[in-house]
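Colleague: Residue-level listing of the chains:
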Amino acid sequence: MSIYLDLFFTFAKVGVCTFGGGYAMLPILQREVVEKKGWATDEELTDYFAVGQCTPGIIAVNTATFIGYKYKGILGGVLATLGVVFPSLIIITAIAAFLSNFAEFPIVQHALAGINAAVVALIASSVLKLGKTNLKDAVSIGIFLVGLALAFFLKLSPVVLIVCAGVVGYVARTLAGRKEGSK
Amino acid sequence: MTLLRLFFEFAKVGLFAVGGGLATIPFLQDIGARTGWFTDTDLTTMIAVSESTPGPMGVNMATYVGFQTAGLPGAVLATLGLITPSIIVIIIIAGFLQKFRQSKTVDAVFSGLRPASTALIASAGLSVAAAVFLSVGGLEEHTLSIHWPAVILALAVFLCMRHKKLKKLHPIVFIALAAVAGAVFQF
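These protein sequences, in sequence, are chains A and B.
Each residue of the first sequence is one higher than the last, beginning at 1 in the working numbering.
Each residue of the second sequence is one higher than the last, beginning at 184 in the working numbering.
Keep in mind that the hints are not guaranteed to be accurate.
[What the hints assert, rightly or not] Straight line, CA to CA, 30 Å or less: simulated DSS-like cross-link-like pairs of lysine-lysine:
| no. | chain 1 | residue 1 | chain 2 | residue 2 |
| --- | --- | --- | --- | --- |
| 1 | B | K347 | A | K37 |
| 2 | A | K36 | B | K195 |
| 3 | B | K347 | A | K36 |
| 4 | A | K132 | B | K282 |
| 5 | B | K195 | A | K72 |
| 6 | A | K136 | B | K195 |
| 7 | B | K350 | A | K129 |
| 8 | A | K179 | B | K351 |
| 9 | A | K37 | B | K351 |
| 10 | B | K195 | A | K132 |
| 11 | A | K70 | B | K287 |
| 12 | B | K282 | A | K179 |
| 13 | B | K347 | A | K13 |
| 14 | B | K351 | A | K136 |
| 15 | B | K348 | A | K132 |
| 16 | B | K287 | A | K136 |
| 17 | A | K136 | B | K282 |
| 18 | A | K70 | B | K195 |
| 19 | B | K350 | A | K13 |
| 20 | A | K132 | B | K347 |
| 21 | A | K72 | B | K351 |
| 22 | B | K350 | A | K132 |
| 23 | B | K287 | A | K37 |
| 24 | A | K70 | B | K282 |
| 25 | B | K347 | A | K72 |
| 26 | B | K351 | A | K36 |
Honestly, the hints are just simulated from the structure, not real lab data.
Work out the full structure, taking the sequences as your base and the hints as a guide.
Modeller: What follows is the structure, given as structure tokens:
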């Protein structure tokens, strides 16, 4: 199969399997893109999420463009993005046309509550995987804990958080480098 | 004309909404108020449907608003509008990052970004967990109750994901089973 078609359909699959916001996409991306296709590493996915949530546009779309571009240039970025939105076009159009009271059915609400419980578990397991690659020293663990507290309890804007963490990372590296240099 | 306008209205959303699908809601309210294409009540329905169907929520909402406003062509153009700024901005940033991949400065900055990005993902997970596991309510409106079936289901899925053999199953299998469990046990 052509690589471009493969990009499109892989991301269409990611789109179908995503319930909720862009974060719910992470476990699916890890499976399809990191483990099955090898188009990106866990570390790169974290980078894309970091950049994707402080640049214009919704995270899911930004991440798809990033991976597609890195793998196959501009056309790759465009096709991965079209792939990720393609299932929405079909499913939402069908529901809007025939079943606009879809979300009110009790069975849908119950099923969705079940899905969300599973999504929590999937995100938790993804975070553990990312933690293994991304939290290796005191500085990174510190940034993680402080960042988590600021984001969850104080609802600090992701943009502010990401920019501050970048500065902290840069300063920490520079100081560490200086210490080594003076030895 | 409506189609062109849909494209540009959603390109604006794509350009100015930063973050997940929820970040697009204020922009959508504004579009509804200015154009009269949909009311706030319509928007509530669209949010509910977008949350409960496959696909990233922000994309679903763009598709839904587009379809309500101008049928299938509207759905396509609103969605294309939403993603166009992302494609342009991200390709520029990705190109820049590729060029400076070897730079020590970029590497040092990303050493700080990665744990922060992991924290944001964890925080999003906690928010979903709080919404699913806890319910505030009852007659007094300030009793906090734990929704045990959801906790048990999440725990079961989590243990499966850590299991040597079961973790090879595709995540969608767990999502599908959880949907069935939710429907059968009336979560």
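Colleague: Each of the hints needs a verdict: does it hold here or not?
Modeller: Against the structure, the hints:
{"no.": "1", "hint": "K347/B with K37/A", "in the structure": "holds (21 Å)"}
{"no.": "2", "hint": "K36/A with K195/B", "in the structure": "violated (35 Å)"}
{"no.": "3", "hint": "K347/B with K36/A", "in the structure": "holds (17 Å)"}
{"no.": "4", "hint": "K132/A with K282/B", "in the structure": "holds (27 Å)"}
{"no.": "5", "hint": "K195/B with K72/A", "in the structure": "holds (27 Å)"}
{"no.": "6", "hint": "K136/A with K195/B", "in the structure": "violated (40 Å)"}
{"no.": "7", "hint": "K350/B with K129/A", "in the structure": "holds (13 Å)"}
{"no.": "8", "hint": "K179/A with K351/B", "in the structure": "violated (45 Å)"}
{"no.": "9", "hint": "K37/A with K351/B", "in the structure": "holds (15 Å)"}
{"no.": "10", "hint": "K195/B with K132/A", "in the structure": "violated (38 Å)"}
{"no.": "11", "hint": "K70/A with K287/B", "in the structure": "holds (20 Å)"}
{"no.": "12", "hint": "K282/B with K179/A", "in the structure": "holds (29 Å)"}
{"no.": "13", "hint": "K347/B with K13/A", "in the structure": "holds (24 Å)"}
{"no.": "14", "hint": "K351/B with K136/A", "in the structure": "holds (26 Å)"}
{"no.": "15", "hint": "K348/B with K132/A", "in the structure": "holds (20 Å)"}
{"no.": "16", "hint": "K287/B with K136/A", "in the structure": "holds (19 Å)"}
{"no.": "17", "hint": "K136/A with K282/B", "in the structure": "holds (26 Å)"}
{"no.": "18", "hint": "K70/A with K195/B", "in the structure": "holds (25 Å)"}
{"no.": "19", "hint": "K350/B with K13/A", "in the structure": "holds (19 Å)"}
{"no.": "20", "hint": "K132/A with K347/B", "in the structure": "holds (17 Å)"}
{"no.": "21", "hint": "K72/A with K351/B", "in the structure": "holds (28 Å)"}
{"no.": "22", "hint": "K350/B with K132/A", "in the structure": "holds (17 Å)"}
{"no.": "23", "hint": "K287/B with K37/A", "in the structure": "holds (29 Å)"}
{"no.": "24", "hint": "K70/A with K282/B", "in the structure": "holds (12 Å)"}
{"no.": "25", "hint": "K347/B with K72/A", "in the structure": "violated (33 Å)"}
{"no.": "26", "hint": "K351/B with K36/A", "in the structure": "holds (11 Å)"}
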